[in-house]
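Engineer: Taken in order, these protein sequences are the chains called A and B.
The numbering of the first sequence is this note's numbering, which starts it at 1 and goes up by one.
The numbering of the second sequence is this note's numbering, which starts it at 1 and goes up by one.
It is worth saying that the hints were derived from the structure and are not from the lab.
Among these hints, one or two may not hold up.
[To be verified] Distance condition first, Cα-Cα at most 20 Å in a straight line; then the derived SDA-like pairs of lysine to any residue:
#1 A/69 x B/141
#2 B/45 x A/101
#3 A/258 x A/234
#4 B/45 x A/153
#5 A/258 x A/69
[Claimed, not checked] One side of the interface only, derived from the structure: several residues of chain A facing chain B at Cβ under 7 Å:
#6 66
#7 67
#8 68
#9 71
#10 219
#11 221
#12 223
#13 226
[To be verified] Cβ pair distances, simulated, as ranges:
#14 B/26 x A/219: 35 to 45 Å
#15 B/63 x A/235: 24 to 34 Å
#16 B/34 x A/100: 25 to 35 Å
#17 A/52 x B/22: 45 to 55 Å
For glycine and all other residues, C-beta sits at the position ideal for the given N, C-alpha and C.
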Amino acid sequence: MESDRARWLTRRRFMIAAGGTVAAGSVAYVIGRGVTYSASGQAPRQAAGGGSAGLSAFAANVVPGGPGKDGIPAIDRPRFRVAAPGFLADDDVVFGLVHAGQTRAYPQLILVWHEIVNDRFADGPLSITYCPLAGSVVGYRGRAAGGRPYSFGTTGELVNSSLLMYDRQSGSTWPQILGEAITGPARGHYLEPVPLQWTTWGRWRTLHPDTAVLSADTGYLRPYGTDPYGSYAPISGYYSDPSIFFPLMRRSGRFPPKEVFIAVTHWGAHAAVRKQSLRERGVLMVRAAGKPVIFLYDPALDDGSAFLAQTSSGQLRLAPVAGRPGYYRDPASGSVWDSSGAAVHGPSRGAVLSRLPAFNVMWFAWYAFFPGTLVLA
Amino acid sequence: MVGAVTVLYLVTYLWSIGDIVVTAADQGRFGGVPLVRVAADWPAKLLRQTAPFSYEPVLAARLTGHLQLFLAPVNVALGLLLGGLAGANLAVAVHLYRTAATCRRRSFVGLLGALPGFLTGFACCVPTFTLLLGAQAAAVLIGLRNWLFPLALAILLAGLAWGTRRLARVRMGHDPVPRDMG
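Construct the entire structure; sequences and hints are all you get.
Structural biologist: Rendered as structure tokens:
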């Protein structure tokens, strides 16, 4: 009996020691990775406006998002294919881009697993960035000190519940919606945004039958075709639910949090139009930083774009042409413009408006970064 | 029984972290997903983390149009570890239930350790589940994500240690077995 008891005690001590070692080792591992959770949720730190204090406020509101650094891996060697029939359903969301002579579509059902594609065009590198939580897609490019072009990865962290990227050349961090570095050697520098169209596969391939499509052959294994957040066709899950998972620096109850806006930054001024309003009205105009900005709706893509409403003959005012969706007339000259900003009839024929890098974004994210934004709804 | 619980736990754990994917819609259409895929440069991916205690899959298999498996050997090992401990906890608990005189205290407390293990997966990789919990709970869960696996491990081990200690006491005669249960 004594030896039995001794054996049990020894075994128990061993198990407790083993368990304690494993648990302690796990705790040490977690701490050693330097992962911290800053409880910034309930007391938002106000940004003091623009400039360095504003950047510091953004940096102070960075929180872990769950995955580790590059846990959501950027696609660094994108492959493209001509789409086979049945590859995508017509109502699957794609992000379309015509750039430097190339026409490419990036399916949302692939990008939701990677968020960043470090792509290359004839005029150099261009990174396509998509934040599922903020419903925002925009292309970015830039160069580090020394001239090396940036390529990006995901930090696994978020600001205002939206994607925080880092560049591999300097290690600076860049909130996708801000397009400006908030930490690191590039702090205070801006990326050059390039707009993409938020549309559906059926619409995009009708307009661009020979388009290339990002292939699911990314080198990573993911359940492409599924979306862990919800669905856009029909809209459900996170995309339709008003819940926001992560702390915001500011909130506004003026619109439902997930309401889609088309937003643009121009010379330090921020303007956003409610996408549904643009669908209904076709044209919306606003003055931003003293310049006239015009938003035009394209029914073929069901998306909008923003332009500088200035031509050689002065400021442009446009109104929808009755019976011709997607075409807009200037009452002053009688010229007709299409939704890509090109004049197709009349005295101004051949002129092209200067396009601004507007992008689709959810209301909560745009407001959290730019509470002073102009709004058209 | 330990084996069955281990396997059941493993399957649930892998589903919670997104390594087992069940879809309502047929996924065969998307890219004509091949039956079996191997990740590019898979040796380098074996130990590559996507999140704390979660690793990149190196093999993917489409079993049917509605069921896909993603194999990350480390994830399977971690799931087996937790599952094995959960099974052992259950075995000890059942044994105690059968032999202990006092029916007041059950040692199922150790099984509570199984729960943080699942929450690890949900917090990381299945946002739609966290939606069900509500945004506030989801935010807390995601913030605790790094700690859930060690917490599960600690609770399961503690539960097992406590349960075996109780079992030892019963066997030593410290807790007598009533005659009608003999």
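Engineer: All hints, please: hold or fail.
Structural biologist: Checked hints:
1. Only pairs whose Cα atoms come within 20 Å are accepted, and residue 69 of chain A paired with residue 141 of chain B is accepted, the gap being roughly 19 Å.
2. A distance of roughly 35 Å separates the Cα atoms of residue 45 of chain B and residue 101 of chain A; the hinted pair therefore is violated under the 20 Å criterion.
3. Restraint check for residue 258 of chain A and residue 234 of chain A: satisfied, since their Cα atoms lie roughly 15 Å apart, inside the 20 Å limit.
4. Among the hinted pairs, residue 45 of chain B with residue 153 of chain A is consistent with the structure: their alpha-carbon atoms are about 17 Å apart, no more than 20 Å.
5. In summary, the hint linking residue 258 of chain A to residue 69 of chain A is not supported, as the alpha carbons are separated by about 26 Å, beyond the 20 Å threshold.
6. Satisfaction of the interface hint for residue 66 of chain A is found here, the shortest Cβ-Cβ separation to chain B being roughly 5 Å, below the 7 Å cut-off.
7. The criterion of a C-beta within 7 Å of any C-beta in chain B is met by residue 67 of chain A, whose closest approach is roughly 5 Å, and the hint holds.
8. Residue-level restraint check for residue 68 of chain A holds (minimum Cβ-Cβ distance to chain B is 5 Å; threshold 7 Å).
9. For residue 71 of chain A, the shortest C-beta to C-beta distance to chain B is roughly 4 Å, which falls under 7 Å, so the interface hint holds.
10. For residue 219 of chain A, the suggested interface contact is upheld, since its CB lies about 4 Å from the closest CB of chain B, less than 7 Å.
11. Taking 7 Å as the C-beta cut-off, the interface hint given for residue 221 of chain A holds, the closest approach to chain B being about 4 Å.
12. Contact between residue 223 of chain A and chain B, as hinted, is supported at the beta carbon level, the nearest pair being about 4 Å apart and thus within 7 Å.
13. This hint holds: residue 226 of chain A has a C-beta 6 Å from the nearest C-beta of chain B, less than the 7 Å allowed.
14. Taking 35 to 45 Å as the suggested C-beta distance range, the pair residue 26 of chain B and residue 219 of chain A does not conform, at roughly 25 Å.
15. A beta carbon spacing of about 29 Å between residue 63 of chain B and residue 235 of chain A agrees with the range 24 to 34 Å that was offered as a hint.
16. Checked against the hint of 25 to 35 Å, the pair residue 34 of chain B and residue 100 of chain A passes, with Cβ atoms roughly 32 Å apart.
17. Taking 45 to 55 Å as the suggested C-beta distance range, the pair residue 52 of chain A and residue 22 of chain B conforms, at roughly 49 Å.
In this structure, the earlier hints numbered 2, 5, 14 are contradicted, and the remaining ones agree with it.
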